[in-house]
Every structure is written in C-alpha cells, then in structure tokens.
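Asks: Sequence:
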Amino acid sequence: MPSVATLASLVGIAVLSTASAYILYFRILATAGATNLLLVTFLTPISAILLGIAFLDESLLLKYLVGMALIGAGMAAVDGRPWKKLRVLWDIRES
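Counting in the numbering used here, the sequence shown runs from 1 upward without gaps.
Honestly, the hints are just simulated from the structure, not real lab data.
Even glycine gets a Cβ: it sits at the ideal position worked out from N, Cα and C.
It cannot be assumed that every hint is accurate.
DEER-style ranges, computed between Cβ atoms [said to hold, decoys possible]:
| no. | residue 1 | residue 2 | range |
| --- | --- | --- | --- |
| 1 | 88 | 5 | 16 to 22 Å |
| 2 | 58 | 35 | 27 to 33 Å |
| 3 | 33 | 5 | 38 to 44 Å |
| 4 | 12 | 55 | 44 to 50 Å |
| 5 | 63 | 3 | 50 to 56 Å |
| 6 | 31 | 90 | 31 to 37 Å |
| 7 | 12 | 33 | 28 to 34 Å |
| 8 | 70 | 1 | 29 to 35 Å |
| 9 | 77 | 31 | 20 to 26 Å |
Construct all of the structure, not just a fragment, from the sequences and the given hints.
Replies: See the structure below:
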C-alpha cells in the first residue's frame, strides 16, 4: 500500500496540475477563441525548453533556437496580424 505522502502527492498532481490546466484551457477557449488557444498551445515546447534551461541546467542548443523560430513563424501565420500590418504598410508605400 502506498504511503500517505505518496497518495497526497498523487492527488496534488492530479488536482493542481491536470485539473487546473483543463480549467485554464477551457476558460481561454471561451474567452479568446480557438485560434488564440492554438497559439497558446504552440508555446508549450518553448516553455519546456526554457524551464529545462532554468531549473535543470540544460544547455540551449542551436536546434532549439531554430525550433523556436519555426514556432514563432507558425504562430505568425496562424494569427495573421503581422501579414495585415505588412499589407497596410505595402498599401501606404504604393500610394
């Protein structure tokens, strides 16, 4: 039989981590919409890399930076706001 500390840890992980994440996930979905929720989901690997560097003494490799740049480009493509700004600047330049 697991100890009380083990069971408490399991409940803590289940309630604090998983349940809180789902509550936050669906709250963002309700308030910001699916597209913005997808953008938040794209940030998960970046935050994992940064937390690994900060707390686990992992090193920042070039492939991580390339991956972060690709994620940023994907977020810009999904969001569309950077392209709208470029289009406005292009229209101003044309006129």
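Asks: Against this structure, judge whether each hint is valid.
Replies: A quick look at each hint next to the structure:
1. 88 / 5: 16 to 22 Å: violated, 59 Å
2. 58 / 35: 27 to 33 Å: holds, 31 Å
3. 33 / 5: 38 to 44 Å: holds, 42 Å
4. 12 / 55: 44 to 50 Å: violated, 19 Å
5. 63 / 3: 50 to 56 Å: For residue 3 against residue 63, whose Cβ atoms are near 41 Å apart, the range 50 to 56 Å is violated.
6. 31 / 90: 31 to 37 Å: holds, 33 Å
7. 12 / 33: 28 to 34 Å: This hint holds: roughly 32 Å between Cβ atoms.
8. 70 / 1: 29 to 35 Å: violated, 48 Å
9. 77 / 31: 20 to 26 Å: holds, 23 Å
Violation of the numbered hints given earlier is confined to hints 1, 4, 5 and 8; the remaining hints are satisfied by the structure.
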